[in-house]
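Let the sequences and hints guide you as you build the complete structure.
Those sequence lines, one after another, are chains A and B.
Residue 35 in our numbering sits at position 35 of the first sequence; the count goes up by one each step and never skips.
All you need for our numbering is the position in the second sequence, starting with 1, plus 412.
Covered stretches of chain B (in silico footprint by chain A; criterion: 3 or more residues with CB under 8 Å from a CB of chain A, positions within the stretch not fixed):
(1) 417-427
(2) 463-472
(3) 599-612
One-sided and incomplete, this derived list gives chain A residues near chain B with beta-carbon spacing under 7 Å:
(4) Ser157
(5) Ser235
(6) Ser237
(7) Ile240
(8) Val244
(9) Gln270
For the record, the hints were derived by calculation from the structure and aren't laboratory data.
All C-beta atoms in this analysis are idealised placements derived from N, C-alpha and C, irrespective of residue type, glycine included.
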Amino acid sequence: MAASKTALTSNLFAIGADRLALLGKHHKALMQGYLDGYIDESALGDSVLKKLMAARILWRPDEQQPLMLRPLVSELIASMVADENRRQVNADVAEKLEQIHNRVQAYKEAQHKGDYSIAETQLQRLTEQVHDMSGQFEEAIDSLWNRLNSDFGFVRSLNDKIRENERAQQQLRRLLDGLELIDFNTLIELSEGNSHLRKLLVSQLQSQLSSHHSSLLEVQKRLIGLLAKFRQQQSRSLLINNMVAYLRQHPAYHPADYPNRVQVPVLFNQAAHLQPKGSIALDRTHERQTLAELVHHLPKSASLNLPEQHSANFAELFVNEEIAARQQALKQDVENFYLHVVDNSAPVSALGYLEQQALTWDGEIWLYQIMADYQALPRHEQNMFRLRNEEKPVSAANQLMLIHDIYIQLRA
Amino acid sequence: MIEHGPLLERLLAGDFICEISDSDGFRHLNNEQTQLAINHYLRPLNRRIVSNDERSVYFLAYHELTPDAREHLSSQFALTVQSLLPVLEWLQLIQETLGRDSALTAGDTIKLQEFVLRTEDNQSLRQRLNTLATDRFFNSQSEALDQQVKLIFRRLKEHGYLRQPHGDRQYYIVTGKIDYLLDIIRFIRDEEHLPVDDAPAQESLI
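Now the structure itself:
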């Protein structure tokens, strides 16, 4: 019996490995078939097709139909590439529970009979089935998260997203119902007196399922939130489209005069804007520093680079009338001084004239203005005057010459 | 109060404060104590803080409706009514051009260049954009697509519907003021019983 069993497993092994290899060998054609929904028979040879059909990878649903991937193969691909459009969520727990129940009975019977090798196989199958059930939830939760995180991006329109979201919520409800079906009291009873079973069916499963349960509740919360968001978006789009249609159909439409109602709705009460302005306060000593910095940071070159005409205009604009009048008076006095020089043939002292006429100008300003007027004369008129500066060094040690007075004489 | 200076200035300048336009300010305004304090400060200026129903956007309203205030509100309202159709059409155009499955909402980003590229080669979109750009609200004088699009976005930015995070980069974020505009539409619709539906058709509920 042991020999035939080994033969059977090795036979199974050979066939399985062979068929898995087939999947790998024709991966491109099969994947294309997954995407297109049918297999391009011309791309594969007849014998290959026969092999693939014999391996239960492909099938022909009926005579008129092209060859297709078997649903289980499609499902395998969908799960491997997390293709949420086609991924199946299996929420059937009752069937699994029944299988587990049966396995436990078979395992117990085998143990009772002392047939340990069969008991071990049964325990192994049982372990697989328990993991399978837990894995089924895990797969479903993974799929749900995937859909959530992509904002149901695998379908195009908002309506499809809403439908997908609702479908996901139904799946989720079935999964939660399935979790309810698992009654740990029964499982505890079932595993009574066997530590293997207790570990497998109670402690391990319980912790797994409770984590699944909390994941599912979280997903449900998020799904409901997302659905609300989708609905809101949908209603916005509809509002925009319908309002545009309405306004286009009624070009003369004008809304009621809400701002002049006794009670103005808050949405229409939008106050006029005010622009607060401020300047530096000069009465605060500590702000002078700031002001000085500001002045320091003023662009300097701007006024220097202006063309001459501009600066003239600028100056004229800002000349103080009082200053202008004084300037004019000074010029007038200097002109009178020159007339006096013309009338006298002897050299005239500028400061002497200032004193003699009892003019109030500052001596230095007076001398400057006289020199300025002299410089302003045309060259041949300048030659008509002889200017002599009375100069003295500042001190014995400093040879800088200071002008103390100017003597002007008309050349003969 | 000092710490709310910049926020106050924005409010007084007539800005709409939402999560997108000024997230810090928006957070402060969500605090009732702060609101009370600011309202107290604004009282002598005849202003108060108000928001839309969902409290997604805040702005300043008059406290008392003096004749001057009403006059301003009337002109403001006329401007809003004038902007209604152009802004809605712009929303539609963006949604279709960029192939979005839903209308723009606060926080969405629009790349100007992407919009131009997609409009360029499509005669009907180009035509619609041209009509929109020459609308009184946008009032474009240019024939060039690039200029028209830039003008439209600039105008929407001036009106507070868009925010441009970097002055030299042509991408924009939709602000909460769009919500405000849609709230106005809903209000007018409800008030005047306009046949403008925003509930999905029965078919999708089955």
